[in-house]
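Participant: Residue 10 is where the sequence shown starts when you use our numbering, and the numbers rise one by one after that.
Hints are not guaranteed to be accurate.
[What the hints assert, rightly or not] Each pair of labels, with its calculated beta carbon distance range:
{"no.": "1", "residue 1": "Val572", "residue 2": "Gly757", "range": "15 to 25 Å"}
{"no.": "2", "residue 1": "Leu569", "residue 2": "Trp413", "range": "18 to 28 Å"}
{"no.": "3", "residue 1": "Leu15", "residue 2": "Thr56", "range": "18 to 28 Å"}
Hints were generated in silico from the structure; no laboratory data involved. Glycine included, every Cβ here is placed at the ideal spot set by N, Cα and C.
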Amino acid sequence: MAALILVHFLLAACAGPLVRRLGTRAFVVLAVPPAATLGWAVAQWGTAAAGGAVSWSLAWLPVYDVWIALRLDALALLMVVLAAGVGALVLLYCVRYFADGAPRLGGFAGNLLAFTGAMLGLVLADDLVVLYVFWELTTVFSYLLIGYDSERKQNRRAALQALTVTTLGGLAMLVGFLMLGQEAGTYRVSELIADPPAPSATVSTAIGLVLLGALSKSAIWPFSVWLPNAMAAPTPVSAYLHAAAMVKAGVYLVARLAPAFADVPLWRPVLLVLGSATMLLGGWRALRLGDLKLVLAYGTVSQLGFLIALAGVGNRNAALAAAVLILAHALFKAPLFLVTGIVDHATGTRNLRLLSGVGRALPWVAGTAVVAGASMAALPPLLGFAAKEAAFEALLHGDTADRWLLAVVTVGSALTCAYTLRFLWGAFARKPGLDDTPVHRVGPAFLAPSALLAVACVVFGPGVSWWNGLLGAYASAFPAPAYPYALSLWHGLGTALLLSAAAWGGGIVLFLLRDPVVRLSRRVAWPTADRVFGLGLLGLERVALQVTGFFQRGSVSVYLATVLSVLLAGQLTVLLVDGPWAAAAAPRLWDSAAQGALALLTCAAAVLCLPVQRRMKVVVLAGLTGYGTALLFVVHGAPDLALTQFCVETVALLVFVLVLRRMPVYFHETISRRRLLLRVPLALVASAVVATALWVVAAARIAEPAGGALVEATAHVGVKEVVATTLVEFRAWDTLGESAVLAVAAVGVTSLIYVHRRTGVSERGGTEPASGAQPVPPSGGPTAWSYGSHFAVRETVAEDTAPERTWLAAGPTLAPEYRSVVFEVVARLVFHPVLVLSVYLLLCAENLPGGGFVAGLVAGVAMMARYLAGGRHELADAAPGHPGLLTGLGLFLSASVAALGVVKGAVLHPLTYETRLPVFGHVHLGTPVLFDTGVYLLVLGVVLDIVRALGARIDRQIEREARGMSKEARR
């Protein structure tokens, strides 16, 4: 199962090259995975029909009972047959629907096949979290498919609308899934159905949220707005996503959960009422539209309402009827959409008011549409008739709510018959006063997919009893009624047949009175849901602008005050309501006098920041608070934390120095007395609340500290350092994720600092020499620090003068007043020892304080020292490569080591090797060191990228300004 799903995504990734090479014939290749999946599903028919299931699982997050679990039972097999079978035929249909030179066709083909894989994963998922992942994948791919023709505003708007509605429902559904999983103690769908949690307010709330997701996905009122607008997508998308696949996801979810949760008080009222309203509103709207696809779209909305209500009834016969109706709907609605695409291709229009005589010109196309339409109108002996009879029989023998639903279904069936006749008449009939529409010839390959689906409606009508075993296996999950219904084409004369006849008669009358019906429908029409959605979205945008304008005023202090206010409101509410300090142990001020002294000095440094007006003094004092915190870690016996804090503060201080070069020396903001009276209490209260919260959290621990277990686990691995081992082994997932976030954030921030064009600027000089010119040596051009305070040009040194000894390669590029020989000597002498120290900190991390993060920061400080001593040319000599290479290499190395753990059965599983060497003695080698090396390279690359962005690029700005001012001074 997993392999079949994976093949869909792998081949979808290759769709672009396939389309470029084969043209539209590539769709034939892309149809192979769904066709193979269909064959595999048919091979499992006997197992599923006997009540069995085929399962597969792989541990994903076993600690949280989350597994990549797949399961094929009767209901899943039905959905797989539809998703794979209809998907393969739609892909074959695309061969003739699109032209070879169609733009972005490769992306469309890949998205369509990937959607098929996501839909298969959705119906096979046996874990709530996995189901949600595939659920959202179908949402994403449907967004891409609907917005295929992104140059048209209608497509962009429809895609965004579908994404907005279904994603909001999906997020609500995720919360419901999490609540259900917690209440049931498992996230396995099969276990949840077999042993549902006891009824409670939590379960009812969870079911309400899950139904919200299902209703939005299946376009049930009031969420039906997105489906008609999605008809802007190409016809293959409408035939597959909006007839046989995506919109069935919500119905499938309701059918899947109904055996366990149909008795929840919220279940039946929501599904029966909203399903009935959707069936009537969608059918009524379809009677007055002129676009063939919109007629089918609102007809689909109507049928989805019928399906969702029938699946929500919650008894065995209704479940059997819902299952066969899911099958029938896919088999008659998909060919009707495909035929609409053929008509559009052949005539150039879908407007039924402009079409005339198409049936005579395209008799086989018309015949296919008539068969599929007859099944939709539930005419015998087609599958739609057998499904509708099963629904009528199930509702006839139900309770009062079921009989009310039966009345609605009868009226809705009359509307279905009426808009079916309207569709067939509008698409193929010859209309008085209209000339026959010019038609292009349609080849048999273009018609074959829709014809096969129509033939299935004919075959499975008399052969509907073949489905009793499979669909009955799903229905058997419900309590057995006194008279279980069996699928059959003919059950004799009875009430159900009379209701069908009444629906046919009502539909014919509505069709014959189509002009008065259209006028009445337009007269009593409510504001369209699309207009309501647009007004709601516009109102939301206006509110967002008002809120944004109120809070985002360009003042950092306002932002900080807003964040602190929200934090205080939340924390104070919890503290005042719960009173968690009552049982908390009293805090100790300090463990030793040294801690108290360091704390007082740190606080004094923070207080001294307040009256200072010079920016650099504030930076230094703020850095002292960080160094004070690091000393507290030392006194408290946490050398790893202290080392990390020292390195972070040092790098931060140097970065501030680089930034402050381009900022005024003094603060120019004047703070009024009123603002000061607001800021000081807010800061004091915030610090007090945070301190209280930390005390309460620390005192509320009821479990044993994890330190002892970590020490034992570390010793078991054969190393001593607990912190570093935890970061690169026990919590390596966190470290890998944080490394990726650090890399992305650093690249993004440094890229946004200066957005510039690639003009051939080199780190080593001002500009790359033109072709054939002599290259300029690194020390030959002026730099930001080459210009003195008066921008004077340095005199040329006589040729007979003895060369001056320089400690740094770029030392001569600096102006005398900016040079420090002592700094140059120190930077040159300590550079290599500091690099060696960084490597030592990296390699000793398993047994001594250190690690890749700290080592990378230490190496970064060495690079910063070279830059501060010699400028950007010196940095280019010290680190000639691009920092992005180090960042990417580090992330790649860490991820590769993580993947290497699969050899032992799990990602990030550490691999170790121990041996004895003649000189070194016992040697312990492990992949965590390689993982930490990746972190080292990544951090070093990030630091270098920051220095380049805030150092070298700012230098170029200073150089340009200095050259301009020097020219002005010479004039």
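Participant: Would you say the C-beta atoms of leucine 569 and tryptophan 413 sit inside 18 to 28 Å of each other?
Facilitator: violated (59 Å)
Participant: Take the C-beta atom of leucine 15 and the C-beta atom of threonine 56, compute their distance, and say whether it sits inside 18 to 28 Å.
Facilitator: Taking Cβ atoms as reference, leucine 15 and threonine 56 lie about 22 Å apart, which means the hint holds.
Participant: Is the hinted range of 15 to 25 Å satisfied by the C-beta distance from valine 572 to glycine 757?
Facilitator: Check passed, 21 Å falls within 15 to 25 Å.
This entry does not satisfy hint 2, going by the numbered hints stated previously; all others are met.
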